[in-house]
Amino acid sequence: MEHSPLSPEADTRDHLVVIGNGMAGCRAVEELLARDPARYRVTIFGAEPRVNYNRIMLSPVLAGEKCFDDIVINDADWYNANGIALVAGDPVVAIDRTARTVTTRGGLTESYDRLLIATGSDPFIIPVPGKDLPGVIAFRDMDDVDTMLAAADAGGDAVVIGGGLLGLEAAHGLSLRGMKVTVLHLMPTLMERQLDEAAGWLLKNALEERGQTILTGADTAEIVGDGKVEGVKLKDGTLIPASLVVMAVGIRPSVVLARDAGLAVGRGIQVDDHMVTSDPHILAVGECVEHDGQVYGLVAPLWDMCRSLADGLVEQPSGYRGSVTSTKLKVSGIDVFSAGDFSGGDGCEDIVLRDASRGVYKRVIVKDDRIVGAVLYGDTADGSWYFDLLKKQEDVSQLRDLLIFGQAFAAGGGAADPKAAVAALSDDAEICGCNGVTKGQVVSCIAKGAHSLDAVRGSCKASASCGSCTGLVENILALTLGDDVQAGPKTMCKCTSFGHDDVRREIVAQGMRSIPEVMQKLHWTTPDGCSSCRPALNYYLLCALPGEYVDDQQSRFVNERLHANIQKDGTYSVVPRMWGGLTNPTELRAIADVVEKYNAPMVKVTGGQRLDIFGIKKEDLPAVWADLNAAGMVSGHAYGKALRTVKTCVGSEWCRFGTQDSTGLGVKLERMSWGSWMPHKFKIAVSGCPRNCAEATIKDFGVVCVDSGYELHVGGNGGIHVRATDLLCKVATEQEAMDYCAAFIQLYREEARYLERTAPWIERVGLEHIKARIVDDAPGREALRARFLFSQSFSQDDPWAQRAEGAEAEHHAPMARFTPQKEIA
Amino acid sequence: MTTAEWLDIGWIDQIPVRGSRTVQVAGGDDIAVFRTAEGKVFALLDRCPHKHGRLSQGIVHGGAVACPLHNWRISLSTGEALGEDKGCTPTVPVKIDGGRVLICRASTLKAAA
Chain R
1 MEHSPLSPEA
11 DTRDHLVVIG
21 NGMAGCRAVE
31 ELLARDPARY
41 RVTIFGAEPR
51 VNYNRIMLSP
61 VLAGEKCFDD
71 IVINDADWYN
81 ANGIALVAGD
91 PVVAIDRTAR
101 TVTTRGGLTE
111 SYDRLLIATG
121 SDPFIIPVPG
131 KDLPGVIAFR
141 DMDDVDTMLA
151 AADAGGDAVV
161 IGGGLLGLEA
171 AHGLSLRGMK
181 VTVLHLMPTL
191 MERQLDEAAG
201 WLLKNALEER
211 GQTILTGADT
221 AEIVGDGKVE
231 GVKLKDGTLI
241 PASLVVMAVG
251 IRPSVVLARD
261 AGLAVGRGIQ
271 VDDHMVTSDP
281 HILAVGECVE
291 HDGQVYGLVA
301 PLWDMCRSLA
311 DGLVEQPSGY
321 RGSVTSTKLK
331 VSGIDVFSAG
341 DFSGGDGCED
351 IVLRDASRGV
361 YKRVIVKDDR
371 IVGAVLYGDT
381 ADGSWYFDLL
391 KKQEDVSQLR
401 DLLIFGQAFA
411 AGGGAADPKA
421 AVAALSDDAE
431 ICGCNGVTKG
441 QVVSCIAKGA
451 HSLDAVRGSC
461 KASASCGSCT
471 GLVENILALT
481 LGDDVQAGPK
491 TMCKCTSFGH
501 DDVRREIVAQ
511 GMRSIPEVMQ
521 KLHWTTPDGC
531 SSCRPALNYY
541 LLCALPGEYV
551 DDQQSRFVNE
561 RLHANIQKDG
571 TYSVVPRMWG
581 GLTNPTELRA
591 IADVVEKYNA
601 PMVKVTGGQR
611 LDIFGIKKED
621 LPAVWADLNA
631 AGMVSGHAYG
641 KALRTVKTCV
651 GSEWCRFGTQ
661 DSTGLGVKLE
671 RMSWGSWMPH
681 KFKIAVSGCP
691 RNCAEATIKD
701 FGVVCVDSGY
711 ELHVGGNGGI
721 HVRATDLLCK
731 VATEQEAMDY
741 CAAFIQLYRE
751 EARYLERTAP
761 WIERVGLEHI
771 KARIVDDAPG
781 REALRARFLF
791 SQSFSQDDPW
801 AQRAEGAEAE
811 HHAPMARFTP
821 QKEIA
Chain S
1 MTTAEWLDIG
11 WIDQIPVRGS
21 RTVQVAGGDD
31 IAVFRTAEGK
41 VFALLDRCPH
51 KHGRLSQGIV
61 HGGAVACPLH
71 NWRISLSTGE
81 ALGEDKGCTP
91 TVPVKIDGGR
101 VLICRASTLK
111 AAA
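Chains R and S are the protein sequences, given in the same order.
Here the first sequence is numbered in this note's numbering, starting from 1 and rising by one per residue.
Here the second sequence is numbered in this note's numbering, starting from 1 and rising by one per residue.
Note that these hints are calculated values from the structure, not bench results.
Since the structure is predicted, the reported quantities are computational estimates derived from the model, not experimental observations.
Just to be clear, a hint being listed does not mean it is correct.
Computed far set for chain R versus chain S, every beta-carbon distance over 10 Å [what the hints assert, rightly or not]:
1) 419
2) 452
3) 570
Listed below are the simulated BS3-like cross-link pairs for lysine-lysine, each with C-alpha atoms no more than 25 Å apart in a straight line [unchecked claim]:
4) S:86 <-> R:617
5) R:494 <-> S:86
6) R:204 <-> R:521
A few chain S residues that face chain R, going by a derived Cβ cut-off under 10 Å, partial list only [claimed, not checked]:
7) 25
8) 57
9) 69
10) 87
11) 109
Every residue, glycine too, gets a C-beta built ideally from N, C-alpha and C.
Put together the whole structure using the sequences plus the hints.
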């Protein structure tokens, strides 16, 4: 941002200067703009050289689930559109209360009428020897994330000091990025401020199962290293090697500026109910303040404060009364929730539910018939209900027997209908803890026209941060609008609330290895899925774990289970592979023999230059395949979400126009790519000249040979919606054409949703994305190609030959035959 | 085990979990025998009420099978089409005795006829 035009001379409005471009500072300005957009001229100073982003979401960035652009709350356009001057990367270092000015490190001085301090908090660095070594960092801002990512690229060992939320998020991210991570926690159990001992123990076990080393009761003595970090030494003498040390032991309100300016400061900057400090011209908000003796480190109280602050700024004071906080989080993909006081004590009674095999632990703490605390691990669906009862101090004596089973049961519904549960929530029940949005606010924003999840996220910000309340918001949408809900990112099927991309990301992130594991961990609502999700999950796992995943035959469509195409009369059609569309007398004789021997009523030449034999009975398939195998033919995969055919023209070998050996290249491409499972069917063609006799420009991957090389085209389709290909690029050699093809197939395999052809996929993600990955990024292309070839090393095994030798015979033979009067079992 | 009322068609383990096998009936349609994830066994005429798809070739999920031709979902216990679709496939009573699967002779003859 520019540094100069901070004081437009004509603007005589009061000048509000905000120190801090973080979540609190910008939220306060948003609240102010919502009340009176014209009242103040606003200038925001930020220490970081970037726009306002969601600090809570740094963990997903570290974990590789999001990028910086995804977590920006307000981009540069927002500042411009609202006439806000942003000074980013030049922190304020002094406040002169007499002159009413602030001065930055860069020497810029700006006067204010009202000043808002939103400096947040600083990471606490434990004062041990070696704390200043390069490689020792906190986990507070985007720069820290960049440092961690760079360290992770180099690999090796990382130590995270602190087993609270932040530390565990850092450990999870670094672990996903391939580092060997040890977490050191001073206390006996993890996250002791949010979780009780039992839940902390479950969490520790779960994280250890994922390969992290967790040391509790670990007291750091010093960080050792010569010129850079080499390890961490504990007080008991243990030395843990590390090339990166992340300090995540806690945060402290950032009060230096305020204290230097002579404002009243206790643990934080002291403010009244209207967020005014001891100087009436200066306000403060967020993690840096102390209100009524309380300092908050969570985001929800911050939103309450910002509302009260803005009310005060437009002279309609409401007054902040403090916040009761709850924590609903995903720690490394595990749902945890806590609220209130769970330390127990006199008069407190515990109601506990444990379901070890499901990984669920619930504890509700009741005192004098009122809920005073709750801890949920593994299943946090009822967190908002318990929290609501807690905040309202409701008498729960009538519900007590069923309380622990959650709202659906306790409310008398019996069956757990999540919509009924949401319907029963009161209007002031909190839905989104990250952004402090109540059910009433979500409903009113839907009433104002936000008819999709994205629209709700955009307008009231519910579910826009960590996303753990997405299900609640969707249910409110459904309740409020009935059938008028606009589909957001579509869920995979009715068995899950996750979309394809979410499921896929979690499969990789959590290292899931089987369909039941995915259904368990992602809370499938059906016991064993449906005919939509099972084939998709089977494919995603197959793609993620080449050579390791055991294909689930019962999750495949019949054609892929029987390696032939079912026809309307229940018979099958069989298409042997003819490489590049070439054939020979042996193959043709074998096909002719099969047609006669098995009385196939029809043989047809396909559009992909193959011969299709129709009317084969299920029982005869293995014998047909044995005969075709004997002539050297393998499965043509005409039945699969797989490489179908490579269609070619005769090319330079015969054609007077041919520029390159298109048939030869076609055969090579088919030899490389046959047998690969894909999100949907995949067709290739190679034309020897721009006359394009092989129709390469309506194929998923098409090569058009020209004098100077090979034009590579992608994303064509000759089906319902005819789509001509996009030109990906031109390459000079046949080998490059092969390499680009392999990389493109692998990108499609890894990124497209199941049953999404290349054409809609490319229209969804954009050709530029494909080019960036395949054309511009040579190492990335090579890595994709290598992954494809690795995967192919397991998949190029003719399924027909296996069946012809008797594998999985039960697919082809009846279990019994029954002739009335005389049966043969 | 085959009696006047029941036909012994084989061991329960011969039917894949979340899968199915068929019983061929001379002069009639096949009977499809299903085994669910929960281990329950059901038998239906192997013919979707919609376009006569082979239900034995569908994906078994929960207590239903999805027809391989047009993805109609058919209840394994009642033979009724689920969801918006309307139609019914004849069912055949099944019982398990000592690991053997027995299907009702009379219903089999009636369904397959």
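How the hints compare with the structure:
1. Every beta carbon of chain S lies more than 10 Å from that of residue 419 (chain R), the smallest distance being close to 19 Å; the non-interface claim holds.
2. No Cβ of chain S approaches the Cβ of residue 452 (chain R) within 10 Å, the least distance being about 24 Å, so the stated non-interface status holds.
3. Interface exclusion of residue 570 (chain R) from chain S breaks down, the closest Cβ pair being 5 Å apart, not more than 10 Å.
4. Distance hint between residue 86 (chain S) and residue 617 (chain R) is unfulfilled; the C-alpha atoms sit about 29 Å from each other, more than 25 Å.
5. For the suggested pair residue 494 (chain R) and residue 86 (chain S), the alpha carbons sit about 20 Å apart, so the restraint of at most 25 Å is met.
6. For the hint linking residue 204 (chain R) to residue 521 (chain R), the alpha-carbon distance of about 17 Å falls within 25 Å, and the restraint holds.
7. Hint status for residue 25 (chain S) relative to chain R: holds, with the closest Cβ pair at about 5 Å, below 10 Å.
8. The interface hint given for residue 57 (chain S) is met, as the beta carbon of that residue sits about 4 Å from the closest beta carbon of chain R, less than 10 Å.
9. Because the smallest distance between the Cβ of residue 69 (chain S) and any Cβ of chain R comes to about 7 Å, under 10 Å, the interface hint for this residue holds.
10. The interface hint given for residue 87 (chain S) is violated, since its Cβ lies 17 Å from the closest Cβ of chain R, which is over the 10 Å cut-off.
11. The closest approach between the C-beta of residue 109 (chain S) and any C-beta of chain R is roughly 6 Å, which is under the 10 Å cut-off, so the hint is satisfied.
Violated hints, in rising order: 3, 4, 10; the structure is consistent with all others.
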